[in-house]
Amino acid sequence: MAATAAGTRFRLDDDSVAVVIGSGAGGAVVAHELCRKGKRVVLLEAGGHVEPADYKNDEFFAFQQLTWLDPRTSSGSWGPARTAPGMPAYTAKVVGGTTVIWGALSFRIQAHELLARSTYGNIEGADLVDWPVTLEELEPWWSIAEDRMGVTGTHGIPLLPVTNSYKVLHAGARRLGYTRVANDRHAINSRLRDGRPRCRQLGFCGQGCKMMAKWSTSYTEIPAALETGNLDLRSSCMALRLEQGADGRVSGVLYADAEGRQQFQKAALVIVAANAVETPRLLLNSASGKAPQGLANGAGLVGRFYTKHMNGSLFGLFEKKVEMNRGVTMSGTVYDESVHDPRRGFAGGYLMQGVQVGVPYLAAVIRPDGWGRDFTRFIERYDHLAGVWQNGEDLPLAGNRVSLNTALKDRFGLPVAHVHVDEHPNDVAMRDHFYVQSEALMRAAGAVDVMRGTPVSASHNMGTCRMSANPAEGVTDPFGRSHEVPNLFVCDGSLFPTSTSENPTLTIVALAMRMADHIVRNPS
Amino acid sequence: MLPRSAEIDRRQFLVGLITVAAAQLCPRVASAEEPRDPGTEAEWLSVLMTMFPHPDLDPALYQPAAAALVAAAADPNVHQLLVDGRAELAANAGGCWPDASPAARTAAVAAIVGTPLFVLLRQTAVFTFYNDAAVWARFGYEGDAFSFGGWERRGVDTVDWLPDPAPAE
Chain A
80 MAATAAGTRF
90 RLDDDSVAVV
100 IGSGAGGAVV
110 AHELCRKGKR
120 VVLLEAGGHV
130 EPADYKNDEF
140 FAFQQLTWLD
150 PRTSSGSWGP
160 ARTAPGMPAY
170 TAKVVGGTTV
180 IWGALSFRIQ
190 AHELLARSTY
200 GNIEGADLVD
210 WPVTLEELEP
220 WWSIAEDRMG
230 VTGTHGIPLL
240 PVTNSYKVLH
250 AGARRLGYTR
260 VANDRHAINS
270 RLRDGRPRCR
280 QLGFCGQGCK
290 MMAKWSTSYT
300 EIPAALETGN
310 LDLRSSCMAL
320 RLEQGADGRV
330 SGVLYADAEG
340 RQQFQKAALV
350 IVAANAVETP
360 RLLLNSASGK
370 APQGLANGAG
380 LVGRFYTKHM
390 NGSLFGLFEK
400 KVEMNRGVTM
410 SGTVYDESVH
420 DPRRGFAGGY
430 LMQGVQVGVP
440 YLAAVIRPDG
450 WGRDFTRFIE
460 RYDHLAGVWQ
470 NGEDLPLAGN
480 RVSLNTALKD
490 RFGLPVAHVH
500 VDEHPNDVAM
510 RDHFYVQSEA
520 LMRAAGAVDV
530 MRGTPVSASH
540 NMGTCRMSAN
550 PAEGVTDPFG
560 RSHEVPNLFV
570 CDGSLFPTST
580 SENPTLTIVA
590 LAMRMADHIV
600 RNPS
Chain B
463 MLPRSAEIDR
473 RQFLVGLITV
483 AAAQLCPRVA
493 SAEEPRDPGT
503 EAEWLSVLMT
513 MFPHPDLDPA
523 LYQPAAAALV
533 AAAADPNVHQ
543 LLVDGRAELA
553 ANAGGCWPDA
563 SPAARTAAVA
573 AIVGTPLFVL
583 LRQTAVFTFY
593 NDAAVWARFG
603 YEGDAFSFGG
613 WERRGVDTVD
623 WLPDPAPAE
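Taken in order, these protein sequences are the chains called A and B. Sequential numbering from 80 applies to the first sequence in the working numbering. Sequential numbering from 463 applies to the second sequence in the working numbering.
Careful: at least some of the hints might be erroneous.
Straight-line distance between alpha carbons at most 25 Å, and here's what the computed SDA-like set of lysine to any residue pairs gives [stated by the list, open to error]:
| # | chain 1 | residue 1 | chain 2 | residue 2 |
| --- | --- | --- | --- | --- |
| 1 | A | K400 | B | P517 |
| 2 | A | K488 | B | D537 |
| 3 | A | K289 | B | T620 |
| 4 | A | K400 | B | D594 |
| 5 | A | K289 | B | D606 |
| 6 | A | K289 | A | R272 |
| 7 | A | K289 | B | F610 |
| 8 | A | K400 | A | P240 |
| 9 | A | K399 | B | P517 |
The following label-pair restraints were derived from C-beta to C-beta distances [as the list claims (entries may be wrong)]:
| # | chain 1 | residue 1 | chain 2 | residue 2 | range |
| --- | --- | --- | --- | --- | --- |
| 10 | B | A599 | A | L148 | 26 to 34 Å |
| 11 | A | E216 | B | A533 | 57 to 65 Å |
| 12 | A | R522 | B | A566 | 28 to 36 Å |
In short, the hints are calculated from the structure, not lab data. For glycine and all other residues, C-beta sits at the position ideal for the given N, C-alpha and C.
With the hints as extra help, turn the sequences into a complete structure.
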């Protein structure tokens, strides 16, 4: 093996390595943890390197530069099937994955949400389960993850400064009677930490943080893993299929390298962390005579129970200037509606978060079909607008799933992912509630008019390989190991049995750390 | 920036251009004998101004989007959309687009919402008109902040008409 800028090189026929597919929150963290513990890892990332110096404070430029633009298709009653049918999910294709473009809000899941089935009861038409992991088991891993990522309001880390967006959110929430409002839980440096500077409030968190103040695996976990000498990072390498040996174990990964040549990397174990749309697609595209429905899919559950959060937004128009662009993308959070209170007409809850976007995204994403004065009278007063975002628990349904669209192939000839979502009445009731409450919040802060934002392509993709202690109810065990293929793991939002009301990244990181610990303690 | 007098001249010129050229949006375009005309920049500028009306903006700011639309007609599919769309919009507006009232033009656009033509017009406006720094400046969107080091020292909390949250919040 030889050390290079991309780390160490392991041979293609070295069957002692772990292969991790995907370098985002799940993949890069589990790879780093395994490397730290002395395991040798090949990390395959479909995207290329983009240095922070090459990120740009420009929404459309960054979209072209960082987004997963390979074809996908969509159907169902949810918004993106109509407004963005070719892009149901908004994820990244770059070293660092979606941590390059995330908003950096980092919350622990609440106890009652981990017990969704027990707490919410049997909701007709939904397929709720409890998590097979308890709050007590997760707490130490959340704590380690918060420390690693530098989450404000934890481990003595100071909060970020108050921004215009947060001022509006806070004032409106307080006047409305909400009591739990904070600009906390940002995985964004409020002071020099971990060799990275404090946030200078560029306002382009979603376009790659040029200051490297926001935690992203591209300049934290990945270089740290490379320094161990145990990581072989192969960027611009797209995993195509996993091969299963006669013994039922995964023998390795077929991938296309940066030149488009197909390579086969042998492996002792494989961890799929390609985001909850591409992860099930890869398993389904790995069907064989031994696994005719797809790898790890004997129970027919791969791709099912897809959740993506209730997302939506509302923008208030104020008489005085707001200048929401001045400061982090996600400014702060109202926690009051993130409870289970069936008197509101739905199960589960949602967070309300201050959000700002620029004129291009306001036109393209927030109002993808806006036109006429109903639209232009808002956007032309951009500097008088403030936004609030919904992050709510949507219900898992067996029919909401990622499947293969065999009618549409990618450039490697593989069927693309098809994402189908029909909203459950509980989802609709939750969104309606948000629109009422967020309008009341904005008007309480002084808004003279409000504009509803459309639900957008999903960034919080979850559930498609859910964990369960029972092989009949989940794809993996409570540590993310396939019930059917003993050396196959899943390490991303696919594992989430239910979506909860919290942004998923912190828990993805915590589960990745816990998984690495489990693998090292339990060599198979 | 153009001198003020040149600015006014340019606006008058454009308004005149729109009026003259938009006359071609009259029903004769629907005639089978007419060449398959995808329309002029001035015609589409008029349609874009109806779809995305900003009364205080210089019409010249819509020109790049209109030009992008006409340039896109090099693609046969787009060409066909524009040929058909031009006739459809004229018909929807009561037969002649330039003669139609603003309300009739708006109704003509309302009738194509969701169609491939509408999507094309909207996408062109979003990626050109709403992505133009000259338009941003008129709307108060400040764009890039890295070039001057971010808002931290320039004022990230310029809202002085709402109470400050307590420090712990």
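Okay, the hints, checked on the actual structure:
| no. | hint | result |
| --- | --- | --- |
| 1 | A/K400 with B/P517 | holds (20 Å) |
| 2 | A/K488 with B/D537 | holds (24 Å) |
| 3 | A/K289 with B/T620 | holds (23 Å) |
| 4 | A/K400 with B/D594 | holds (21 Å) |
| 5 | A/K289 with B/D606 | holds (11 Å) |
| 6 | A/K289 with A/R272 | holds (16 Å) |
| 7 | A/K289 with B/F610 | holds (13 Å) |
| 8 | A/K400 with A/P240 | holds (19 Å) |
| 9 | A/K399 with B/P517 | holds (20 Å) |
| 10 | B/A599 with A/L148: 26 to 34 Å | holds (30 Å) |
| 11 | A/E216 with B/A533: 57 to 65 Å | holds (59 Å) |
| 12 | A/R522 with B/A566: 28 to 36 Å | holds (35 Å) |
Of the hints listed earlier, there is not a single one the structure fails to meet.
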